[in-house]
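K.L.:
Residues per chain are reported as follows:
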Amino acid sequence: MVAGWFTKSDDEEGFRLLGTRCGACSAVFFPREDALCRNPACAGGVLTEVALSKRGRVWSYTDGRYRPPAPYVSDPESGWQPYTLLAVELAAERMVVLGQAVPGVTVADLSVGTEVEVVPGILSEDADTVWTTWQWRPVEEER
Amino acid sequence: MNEVAVLGAGMHPWGKWGRSFIEYGTAAARAALADAGIGWADVRSVVGAGTIRCGYPGHVAGAAFAQALGWQGTRVTSVYAACASGAQAIDTARAQILSGIAEVVLVVGADSAPKGFFAPAGGDRPDDPDWLRFRLLGATNPAYFALYARRRMALHGDTPDDFARVKVKNAAAGALNPYARYRTAVSAGQVAASPVVADPLRLLDVCATSDGGAALVLSSMEYARRHGAGDPVRIRAVSTVTPVYPRTEPGLPDIATDSAVAAGPPAPGFRESIARAAYEEAALGPEDLSLAEVYDLSTALELQWYEDLGLCPEGEGAGLLRDGATALGGRIPVNASGGLASFGEAVPAQAIAQVCELTWQLRGTAGERQVTGARAGMTANQGLFGHGSAVVAVS
Numbered sequence: 001m002v003a004g005w006f007t008k009s010d011d012e013e014g015f016r017l018l019g020t021r022c023g024a025c026s027a028v029f030f031p032r033e034d035a036l037c038r039n040p041a042c043a044g045g046v047l048t049e050v051a052l053s054k055r056g057r058v059w060s061y062t063d064g065r066y067r068p069p070a071p072y073v074s075d076p077e078s079g080w081q082p083y084t085l086l087a088v089e090l091a092a093e094r095m096v097v098l099g100q101a102v103p104g105v106t107v108a109d110l111s112v113g114t115e116v117e118v119v120p121g122i123l124s125e126d127a128d129t130v131w132t133t134w135q136w137r138p139v140e141e142e143r
Numbered sequence: 144m145n146e147v148a149v150l151g152a153g154m155h156p157w158g159k160w161g162r163s164f165i166e167y168g169t170a171a172a173r174a175a176l177a178d179a180g181i182g183w184a185d186v187r188s189v190v191g192a193g194t195i196r197c198g199y200p201g202h203v204a205g206a207a208f209a210q211a212l213g214w215q216g217t218r219v220t221s222v223y224a225a226c227a228s229g230a231q232a233i234d235t236a237r238a239q240i241l242s243g244i245a246e247v248v249l250v251v252g253a254d255s256a257p258k259g260f261f262a263p264a265g266g267d268r269p270d271d272p273d274w275l276r277f278r279l280l281g282a283t284n285p286a287y288f289a290l291y292a293r294r295r296m297a298l299h300g301d302t303p304d305d306f307a308r309v310k311v312k313n314a315a316a317g318a319l320n321p322y323a324r325y326r327t328a329v330s331a332g333q334v335a336a337s338p339v340v341a342d343p344l345r346l347l348d349v350c351a352t353s354d355g356g357a358a359l360v361l362s363s364m365e366y367a368r369r370h371g372a373g374d375p376v377r378i379r380a381v382s383t384v385t386p387v388y389p390r391t392e393p394g395l396p397d398i399a400t401d402s403a404v405a406a407g408p409p410a411p412g413f414r415e416s417i418a419r420a421a422y423e424e425a426a427l428g429p430e431d432l433s434l435a436e437v438y439d440l441s442t443a444l445e446l447q448w449y450e451d452l453g454l455c456p457e458g459e460g461a462g463l464l465r466d467g468a469t470a471l472g473g474r475i476p477v478n479a480s481g482g483l484a485s486f487g488e489a490v491p492a493q494a495i496a497q498v499c500e501l502t503w504q505l506r507g508t509a510g511e512r513q514v515t516g517a518r519a520g521m522t523a524n525q526g527l528f529g530h531g532s533a534v535v536a537v538s
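Protein sequence lines, in the order shown, are assigned to chains A and B.
Per our numbering, the first sequence starts with residue 1, numbered consecutively.
Per our numbering, the second sequence starts with residue 144, numbered consecutively.
By construction, these hints were calculated from the structure, which means they are not laboratory data.
It is possible that some hints are incorrect.
[Unchecked claim] Taking beta-carbon pairs under 7 Å as the criterion, some of the chain A residues facing chain B (in silico):
#, residue
1, Cys25
2, Glu49
3, Val50
[Claimed, not checked] Listing some non-contacts, in silico: residues in chain A with all C-beta distances to chain B over 12 Å:
#, residue
4, Lys8
5, Ala27
6, Glu93
[Said to hold, decoys possible] Per the computed footprint, the stretches of chain A lying under chain B, defined by three or more beta-carbons under 8 Å from a beta-carbon of chain B, are:
#, stretch
7, 60-67
8, 76-87
9, 103-114
Note that the coordinates shown come from a computational prediction; the quantities given were computed from them, not determined experimentally.
Glycine included, every Cβ here is placed at the ideal spot set by N, Cα and C.
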């Protein structure tokens, strides 16, 4: 559905969001910008694919207590389980990227500044297809 | 000064009436024409603010209203810019008047909003960021408002109680407005008891979707004088600016911000730049305002506007509210109309309705919600995808 937005790897360690970087001004774009650099001060460079930082810090967060409308996929027959939505600041790219948190993480587990990392997750699935996506997961304290 | 006169203002009451947007717009237009004391046949240009949720006629709103009012061969324009549609319609009318293309222009916006969350148009459209944010993230409009609200809590120490105070204030004003959908006082306890929509925002922190319509009759100053309106309310500035790259706050419907690697964040930020452009054009500053009408899509967002309009320094919006400065009777009342908290959102109508409220306030005819001695007012909002919108009116 969103070709080239993240690595195909199911390996959590190697999973990355994929953006593009302008060869002339170094601006980074996510979702990827493959046609033209959007920096108005840039004369225009070649845009090449770049893997974004695996880790970032929570810029803000919220959740969805009501079922969102289509095209969000959810089974109307089952009870609504709120998802958690994060806005994550990537230091190297100096940008904020939205994404859902991994299942089980609630707003009570988060605060602005919490370190998170990007991991593969399941957006939705039916009998034939599993749609994968990116999700943010709080980084466990390393001992 | 490049001023245009507001000859007439009219509205259809907001609510969930279940009728066509054309009916609301036509009613508002007739009210504005009656207020201006002119007939529909005197109008040589009509500008309709479009809606994407009413099918084909919504896209060509100008002609849809012209047909409903009765074809009379007038020049017609349709404008769509999401929440800024009404302001861009006003801007278009103003440009026609100032350039001499038209002397008197009818501006109309109206909507029949669906119940619940706004959603993108149907179909599989993975090239549309608005479709993608719903499909991939389930990110509704309130989800974005909640991200901003939580960020304010972390940065400025705002609390859910502060947010609730905005609702209490706006509901008190809305109770005095016959055009508002909700006309009852709301207590902080009622806000706190309402269900969470998107943490930290509750149902009474976010505005409803509504039906509604608003219209203005604008003219050249000369036409106004000829017409016996020697000292009309005037529109002195209309700001319709875009953001400056890189935009560093996640704006609807974006999934990510621009990167600030190649160029540092602009100063001022987007919302502030909307107000600055209007102040510059109007040759006024925040200290000159008697009142402001801002888009309180969420209670927390209203506090943000205080700062972006320069009514107080950054981070001090909640303090300004707590001091009572922005309530009716305060130093700078904000959303004397009751705001979206009391009206709900009828997208193409709301920016026009904000100017209707300024008009009545500046004429001194706003009844029980009148801001004493109002001389200058500003409206502010922003539309999806980066449409700035602010209007300055003076008396």
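K.L.:
Work down the list of hints and note, for each, if the structure agrees.
P.N.:
Outcome of the hint check:
1. Cys25: holds (4 Å)
2. Glu49: Cβ of A:Glu49 sits 15 Å from chain B, so the hint is violated.
3. Val50: Because about 11 Å separates A:Val50 from the closest Cβ in chain B, which is outside the 7 Å limit, the hint is violated.
4. Lys8: A:Lys8 clear of chain B: closest Cβ-Cβ about 17 Å, beyond 12 Å.
5. Ala27: violated (4 Å)
6. Glu93: Violated: least Cβ distance 5 Å, not greater than 12 Å.
7. 60-67: Check passed, 7 qualifying residues.
8. 76-87: Held - the stretch 76-87 of chain A has 3 residues with a Cβ nearer than 8 Å to chain B, which meets the minimum of three.
9. 103-114: Check passed, 4 qualifying residues.
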